[in-house]
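Chains A and B supply the protein sequences, listed in that same order. Residue numbering for the first sequence follows the working numbering, beginning at 1 and increasing consecutively. Residue numbering for the second sequence follows the working numbering, beginning at 404 and increasing consecutively.
Derived from the structure by calculation, the hints contain no laboratory data. Keep in mind the model is a prediction, meaning the values are calculated, not measured. Even glycine gets a Cβ: it sits at the ideal position worked out from N, Cα and C. Treat the hints loosely; a few may be bogus.
Said to hold, decoys possible - One side of the interface only, derived from the structure: several residues of chain B facing chain A at Cβ under 10 Å:
#, residue
1, N455
2, D474
3, L478
4, N481
5, F495
6, L500
7, V503
8, F512
9, A534
Claimed, not checked - Computed list of lysine-lysine pairs in DSS-like fashion (alpha-carbon distance at most 25 Å, straight line):
#, chain 1, residue 1, chain 2, residue 2
10, A, K349, A, K185
11, B, K596, A, K3
12, B, K613, A, K3
13, A, K304, B, K565
14, A, K331, A, K360
15, B, K538, A, K3
To be verified - Chain B side only, calculated, beta carbon under 7 Å to chain A, not exhaustive:
#, residue
16, Y418
17, E482
18, L483
19, I484
20, R487
21, L488
22, N499
23, I513
24, L516
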Amino acid sequence: MLKLAWRNIWRNKVRSTITIAAVMFCVIFAVVLRSFQVGVWEHMVDDIVANNFGYLQVHQKGFWEEQSLDLSMDQATLPSDQWREVDGVRSVVRRLESFSLVSMDQNNRGSLVLGIEPQHELPGLQLTDQIVSGNVFEPGSDQVVVSEGLAEFLKVVVGDSLLFLSQGYRGASAYGQFVVSGIAKISNPELNKQLVLMPLQTAQWMYNGMGLLTTAVIDLEPGVDHKEVKEALQPMMGEELELLEWEELFPELIQTIEADMAGGQIFITILYFIISFVLLGTVIMMVSEREREFGILVSIGMRKSKLAFVTVLENLILTLGGAIVGMTLVKPVQFYFKYNPIDLSGQMKEAIEQFDFEPKLYTTTSYIINLNHGAIVFIIGVLISSYAVWKIMKLEPVKSMRS
Amino acid sequence: MSKPVIEIKNLEKVYEGAVPVHAVNGINLTITEGEFTALKGPSGCGKTTLLNLLGGLDQPTSGTIEIGGVDITTLSENELIDFRLRNIGFVFQAYNLIPVLSAKENVSFIMLLQDRPKEEREARAQQLLEAVGLKGKEGQRPVQLSGGQQQRVAVARALASKPQFVLADEPTANLDSTSTANLLDIMEKLNKKERMTFVFATHDDRVIKKARRIISIEDGKVLSDE
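My request is simple: use the sequences and hints to build the entire structure.
Written out as structure tokens, the structure reads:
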């Protein structure tokens, strides 16, 4: 039967080649489209999460929701050493984060203040590559590093002093004057507009919270599944602490990703409709051309179910062939654009930057996308084959032989 | 005395329409083993319809068709297909070989449907192709064969399943005189040597001359049976 199906495929070489090519291009377009979409998000999540915020964060219960310094943790009592022993945990990064009004002459802006230890920080806040002018602050000093966007807004340069005014731990006044030691370009555009970094001890002093932390970021080994680590860490949190994964920290990011994915799905669905009609056309032509032959085969004793099986097999070989070729050929394209992203320019760049996205198009090299789209096209092929099955099952040999 | 292979009783086939057409109108007939029978008559007389009914390709309006003691009018669609596969050989006017299979594969295909072992299929296909004078053409596809050669492959295919009888609908209509004579000789030989029963629907005099029984049909009725 397989031999018969194989030979039937090649009885009309041009049509079979066109069908395989159509399936192949559909898979290539769908995978490329999806790869860019997922790749851009992957890159963004990697940038925001892996480089800046971490996949897992520990807070005092309720802090993330209320963002209040009153819900801080005592760094001395945190079982950080115990957490570090869990497989996949590389380090525990200590932070104190709050908000403050930051002023320079007549200019002021509400800013996010992060008290950090750069030498222990995640890559995005180590400030080795990010400093565009000046230097990193000294630990415990009265110095700060200002993000580039904020520096532009406040019109500050290295050496200027900034005034901070906020509310500290348990209602205490929090204020201070600090010298700008450096200006840093933060890759996340939203953070780049409002971030001030200062030594952890300095932030604790300003907010009247010596020895307190708002956040302990669990830094993971590369490639580790954060959900597995969370499962291992969860029993160590006790009643006072909460362990949140990035999806819980940034639900709006997940919603944005899902909304964007849904938008892309419309284009891909249109592609699937096109390929469905190409395949349907092939099957209709094939059935119509061979109606007489089908009649003969049933006449000489071939069961309709067997005949239907052969024709379905033909269609499946065509679609599977096209899908496999497409899935394979698109792989180098995915790898190329992962490491050589497309730089957007002009209006498109501005539009994307307005949404705080990096104006670069990356692809993902995930095999799951290729397999998913290959499988979807294959399933379309199976469904389209039902037309041939339907025609064969209602075939009348005498009428078919007269056709 | 030869045993009956086909027994037809009060067979009718009416095509409904504004004016109902009685394509087969109350035919009673018995065909016995080893017969070489021609159904003759003008175009539209009902001989092809009768042949289709005998082959279980079409359902009668009324009457019965018993083949080897089985009333095929009572069989389900799949039972009928299986019955055809094991009991009836067909030779069609337009050869109707499977274009993507070689001559030998066309012959052995029907045995594949019967789930016969590969060795048996190969041997019988070879033997039948030799019997119809196509030794050396086994690997050729239908398009590489002449009309006469294709029809000989069709005869070999019809016999491959070891049927009780072979139905041939205008088997010589598309053949030249030499090919026709050749094909008829082969079928006559097979009829005599293997006592294979042949029933032809034809208006070709060359076939009618070879037949040992000639049934004339007109307006769906048997006009004469000689």
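Hints versus structure:
{"no.": "1", "hint": "N455", "result": "5 Å, holds"}
{"no.": "2", "hint": "D474", "result": "19 Å, violated"}
{"no.": "3", "hint": "L478", "result": "13 Å, violated"}
{"no.": "4", "hint": "N481", "result": "6 Å, holds"}
{"no.": "5", "hint": "F495", "result": "7 Å, holds"}
{"no.": "6", "hint": "L500", "result": "8 Å, holds"}
{"no.": "7", "hint": "V503", "result": "4 Å, holds"}
{"no.": "8", "hint": "F512", "result": "8 Å, holds"}
{"no.": "9", "hint": "A534", "result": "19 Å, violated"}
{"no.": "10", "hint": "A:K349 - A:K185", "result": "18 Å, holds"}
{"no.": "11", "hint": "B:K596 - A:K3", "result": "35 Å, violated"}
{"no.": "12", "hint": "B:K613 - A:K3", "result": "40 Å, violated"}
{"no.": "13", "hint": "A:K304 - B:K565", "result": "22 Å, holds"}
{"no.": "14", "hint": "A:K331 - A:K360", "result": "20 Å, holds"}
{"no.": "15", "hint": "B:K538 - A:K3", "result": "24 Å, holds"}
{"no.": "16", "hint": "Y418", "result": "11 Å, violated"}
{"no.": "17", "hint": "E482", "result": "11 Å, violated"}
{"no.": "18", "hint": "L483", "result": "10 Å, violated"}
{"no.": "19", "hint": "I484", "result": "5 Å, holds"}
{"no.": "20", "hint": "R487", "result": "5 Å, holds"}
{"no.": "21", "hint": "L488", "result": "3 Å, holds"}
{"no.": "22", "hint": "N499", "result": "4 Å, holds"}
{"no.": "23", "hint": "I513", "result": "6 Å, holds"}
{"no.": "24", "hint": "L516", "result": "6 Å, holds"}
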